[in-house]
Amino acid sequence: AKLWDPNRQEDDPTRFKTIVEDQRWVTSVVVLPDSRVVSGSADNTIKLWDLSQPECDAVRGLTIAEQQGWVRSMAVLPDGRIVSGSGELFGGKGEVKLWDLSRTKDDPIRVLTMAEHQDRVTSVAVLRCGRIVSGSSDQTVKLWDPSRPKDDPERVLTMTEHQNWVTCVAVLKDGRIVSGSYDKSVKLCDPSRSDSDPARHKTMAGCQDWITSLCVAPGQFSIPGSSWPQELQLTCVGNRNGAVIIWNVATDSVQTLAQHPNAIRGMASLPNGLLLSASMNLVLVHDLQTNSEVARLFLDQPIQCVAAHPTQPWFVAGHGKQIHAYVLEPWPQHQPEPPWLQA
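Reading the sequence shown from the start, the letters are residues 112 to 454 in our numbering.
Hints in this document: simulated from the structure, not taken from any laboratory. In this text, all values refer to a predicted model and were calculated from it rather than measured experimentally.
As a list, the in silico DSSO-like pairs of lysine-lysine whose alpha-carbon atoms are at most 27 Å apart: (1) Lys204 x Lys432; (2) Lys261 x Lys216; (3) Lys284 x Lys313; (4) Lys313 x Lys295; (5) Lys204 x Lys261; (6) Lys295 x Lys284; (7) Lys432 x Lys216; (8) Lys204 x Lys295; (9) Lys216 x Lys204.
Kindly generate the complete structure, drawing on both the sequences and the hints.
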């Protein structure tokens, strides 16, 4: 990873500090609450990086798993288990796996394979209850309950509303699922409702291009005419044209927040109502309460993926074989610094 110091000049050799490098392209990343970083790669592996260890320490970067195909997406359950989605570049089936890193490698329940999609898995997300959502190039979205046995018909629910590849999925706190697709649509599904209930599905208005990224931004936002801030969940949508669009599913309102020069490659929700969006060489950070841009980073290497720390103002990005870490604002005095920032 690289530490970006916004207080240093661009030609200052100490502006960046390399702390992680993989063997092949980094295709997905996720940050754990304890500041460890998990990366998925085009070499079909998942690695766990403990940045508190010295660079020469063998436990700094551990290969914890090998997948069937490129690791394209990862997410973390509230109990610390890691979900991964993978698939070959061309053809072949996709896998969703659940990893329990607290168990030894010879423990048969260290890894649980949910089942297979008929094509690569492009995106995974998790619900607070422990269920898992996956989207695939087979045009389906699946909702998995890993607590149920494999022969339980309610273990997996398959949703088939899209007409092209499902490229990204996200979840709301209430369990509703958002999915984006190359069919130029963003759909909201409430799996607790029956198929015949018209309120089960909702489609975002105004989509005109392929959807390439999604995230849900939680937090408190001031509502005009209200004396109290209210908790909203905004669905943040990125498309091939580079637009960042905010969909308030409660009011069904849609507005364009930002415009990148090319396709959105990743988005992440940051603390304090901030939204990060990344295209090939540009990262923008917006304040969702004021709809204002608060940071702009031009990067010299193309971005493959991004992920944010759940409670601290920093994020990681996959660039080629490297993972870079970026601090977005002066570090809060009441929070302990992550290990790589202290190094």
